[in-house]
Amino acid sequence: MIRGKVTGRVWATKRIDTLPVGSLLEVDVAGTTIIAFDPLGCAEGEDVLITQGSVAAGYFTKIKAPVDALIIGSIDEN
Amino acid sequence: MIRGKVTGRVWATKRIDTLPVGSLLEVDVAGTTIIAFDPLGCAEGEDVLITQGSVAAGYFTKIKAPVDALIIGSIDEN
Amino acid sequence: MIRGKVTGRVWATKRIDTLPVGSLLEVDVAGTTIIAFDPLGCAEGEDVLITQGSVAAGYFTKIKAPVDALIIGSIDEN
Amino acid sequence: MIRGKVTGRVWATKRIDTLPVGSLLEVDVAGTTIIAFDPLGCAEGEDVLITQGSVAAGYFTKIKAPVDALIIGSIDEN
Amino acid sequence: MIRGKVTGRVWATKRIDTLPVGSLLEVDVAGTTIIAFDPLGCAEGEDVLITQGSVAAGYFTKIKAPVDALIIGSIDEN
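Chain order of the listed sequences is B, Z, C, A and F. Quick note on the numbering used here: the first sequence kicks off at 4 and runs consecutively. Quick note on the numbering used here: the second sequence kicks off at 4 and runs consecutively. Quick note on the numbering used here: the third sequence kicks off at 4 and runs consecutively. Quick note on the numbering used here: the fourth sequence kicks off at 4 and runs consecutively. Quick note on the numbering used here: the fifth sequence kicks off at 4 and runs consecutively.
Hints listed in this document are in silico derivations from the structure and should not be mistaken for laboratory results. Careful, some of the hints might be misleading.
To be verified - Listed next, the stretches of chain B that the computed footprint assigns to chain Z, with coverage defined by at least 3 CB atoms under 8 Å from CB atoms of chain Z:
id: 1; stretch: 12–20
id: 2; stretch: 56–62
id: 3; stretch: 69–79
Said to hold, decoys possible - Heads up, simulated DMTMM-like pairs for lysine to aspartate or glutamate below, C-alpha to C-alpha not over 25 Å straight-line:
id: 4; chain 1: A; residue 1: Lys67; chain 2: F; residue 2: Glu47
id: 5; chain 1: Z; residue 1: Lys8; chain 2: B; residue 2: Glu29
id: 6; chain 1: Z; residue 1: Lys67; chain 2: Z; residue 2: Glu29
id: 7; chain 1: A; residue 1: Lys17; chain 2: F; residue 2: Asp31
To be verified - Here are some chain C residues the structure puts well away from chain F; computed CB gaps all over 10 Å:
id: 8; residue: Arg6
id: 9; residue: Trp14
id: 10; residue: Arg18
id: 11; residue: Ile19
id: 12; residue: Ser26
id: 13; residue: Glu29
id: 14; residue: Asp31
id: 15; residue: Ile37
id: 16; residue: Glu47
id: 17; residue: Val58
id: 18; residue: Gly61
id: 19; residue: Ile66
id: 20; residue: Lys67
id: 21; residue: Asp79
Beta carbons: idealized from backbone N, C-alpha and C, even for Gly.
With the hints as constraints, model all of the structure from the sequences given.
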């Protein structure tokens with residue numbers, strides 16, 4: 004997994020039907036921005052744990068979701 | 004997912020049979036160019052959301068499409 | 004696989020239900036940090052072997068775990 | 004997908020049994036060389052479209068081919 | 004696939020049960036080291052062809068092996 008910090012959110016009104024409704028967060032990972040689906044309700048500035056690839060899509064069991072980056076946890080502060 | 008900007012389109016007349024008919028767009032992602040299949044009819048200059056790997060191929064349900072990058076949404080302007 | 008050195012551990016109290024209970028270790032891989040699930044009980048400073056992607060998730064046979072990085076061995080010292 | 008230019012060919016007489024017979028081309032992709040299986044008969048200097056990962060292996064339907072990079076098209080000149 | 008040169012071997016006595024017995028070789032790929040499973044008996048200094056990801060794991064048909072990098076051929080000298 005990779006660790007990143009939430010920096011914003013994106014919206015996509017024009018989208019394919021199988022993209023689940025939910026938050027698409029911008030996450031900074033060591034200077035690179037990726038967009039991850041967030042099932043946990045994370046906020047800007049939060050440190051999160053992200054899984055990628057087909058493993059991320061596997062979270063969605065009823066649909067074949069085109070999601071290749073998923074927030075799976077919020078990292079506890081020390 | 005990753006975010007990119009559409010910069011052009013490519014055509015491949017000589018192709019394998021299972022490559023679906025449809026737009027193959029050039030997308031700039033942080034300075035790197037990738038080629039993504041576009042089911043949404045995006046235009047040059049549009050900011051798009053791309054999913055990659057086997058998750059992208061999963062969009063095609065009737066054929067085993069050799070597509071590892073798919074545009075899944077057009078990012079709304081702020 | 005990739006080789007890395009364990010540098011710490013992270014905790015995520017707020018997490019998705021399918022993330023297995025167990026150690027999530029920070030591993031330095033050539034200057035980049037990744038977070039890997041550790042079924043072996045490795046310690047800080049240990050050199051480990053990591054597998055990634057859906058292959059990592061395949062280790063978990065009873066659940067569909069959102070784990071894309073798994074420690075599969077501890078590298079013997081020369 | 005990624006775009007690259009064919010720069011050469013490699014032969015591997017000592018190989019695992021499941022590697023299909025066929026061309027293994029060296030392709031330059033933005034300064035990096037990858038080796039892709041070529042079912043289209045591409046020539047040196049040709050600009051090609053490559054798909055990667057399990058999507059590439061999915062092209063082979065009768066065998067479980069260990070191919071993670073496949074040429075799926077030859078890019079038309081403008 | 005990627006091309007690399009064998010530079011050494013690693014041993015991992017402490018390992019998960021599903022990691023197959025066999026050589027784990029260090030391979031230099033354009034300056035980066037990866038560890039690949041070697042079913043071919045390659046030697047240090049040999050140029051090899053490597054496949055990655057779930058495609059590599061697919062080589063193992065009787066077990067669900069946590070192998071994401073596999074040597075599939077030894078490149079012939081010109």
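Hints, one by one, checked against the model:
Check result for the stretch 12–20 of chain B against chain Z: holds, 7 residues qualifying (beta carbon to beta carbon below 8 Å, three or more required). Remark: the stretch 56–62 of chain B is confirmed as covered by chain Z, as 4 of its residues place a Cβ nearer than 8 Å to a Cβ of that chain, reaching the required three. With a cut-off of 8 Å between beta carbons, the stretch 69–79 of chain B has 4 residues touching chain Z; three or more are needed, and the interface restraint holds. Between the alpha carbons of Lys67 of chain A and Glu47 of chain F the distance comes to roughly 28 Å, so the proposed pair goes past 25 Å and is violated.
The suggested pairing of Lys8 of chain Z with Glu29 of chain B holds, with an alpha-carbon distance near 16 Å, which does not exceed 25 Å. Between Lys67 of chain Z and Glu29 of chain Z the CA atoms are separated by roughly 22 Å; this keeps the pair inside 25 Å, and the hint holds. For the hint pairing Lys17 of chain A with Asp31 of chain F, the CA-to-CA distance comes to about 19 Å; that is within 25 Å, so the pair holds. For Arg6 of chain C, the shortest C-beta to C-beta distance to chain F comes to about 6 Å, within the 10 Å cut-off, and the non-interface label is violated.
Annotated as non-interface, Trp14 of chain C keeps its C-beta farther than 10 Å from every C-beta of chain F; the closest such distance is 23 Å. Non-interface call for Arg18 of chain C relative to chain F: holds, since the shortest CB-CB distance, roughly 23 Å, exceeds 10 Å. With a least CB separation of 22 Å from chain F, Ile19 of chain C remains clear of the 10 Å interface cut-off, as annotated. Annotated as non-interface, Ser26 of chain C keeps its C-beta farther than 10 Å from every C-beta of chain F; the closest such distance is 14 Å.
In this structure Glu29 of chain C is separated from chain F by more than 10 Å, as the shortest Cβ-Cβ distance comes to about 19 Å. Listed as outside the interface, Asp31 of chain C is consistent with that label: its C-beta sits roughly 14 Å from the nearest C-beta of chain F, beyond the 10 Å cut-off. A cut-off of 10 Å between C-beta atoms confirms that Ile37 of chain C is not in contact with chain F; the least separation is 13 Å. In this structure Glu47 of chain C is separated from chain F by more than 10 Å, as the shortest Cβ-Cβ distance comes to about 15 Å.
Against the 10 Å criterion, Val58 of chain C falls within the reach of chain F, whose nearest CB is about 4 Å from its own CB. With a least CB separation of 5 Å from chain F, Gly61 of chain C falls inside the 10 Å interface cut-off, contrary to its annotation. Its beta-carbon lying about 14 Å from the closest one in chain F, Ile66 of chain C satisfies the requirement of being farther than 10 Å from that chain. Remark: the non-interface label on Lys67 of chain C is consistent with the geometry, its nearest Cβ contact in chain F lying 14 Å away (cut-off 10 Å).
The beta carbon of Asp79 of chain C is not kept farther than 10 Å from every beta carbon of chain F, the shortest such distance being approximately 4 Å.
Going down the numbered hints, you'll see the structure goes against 4, 8, 17, 18, 21, while the others check out.
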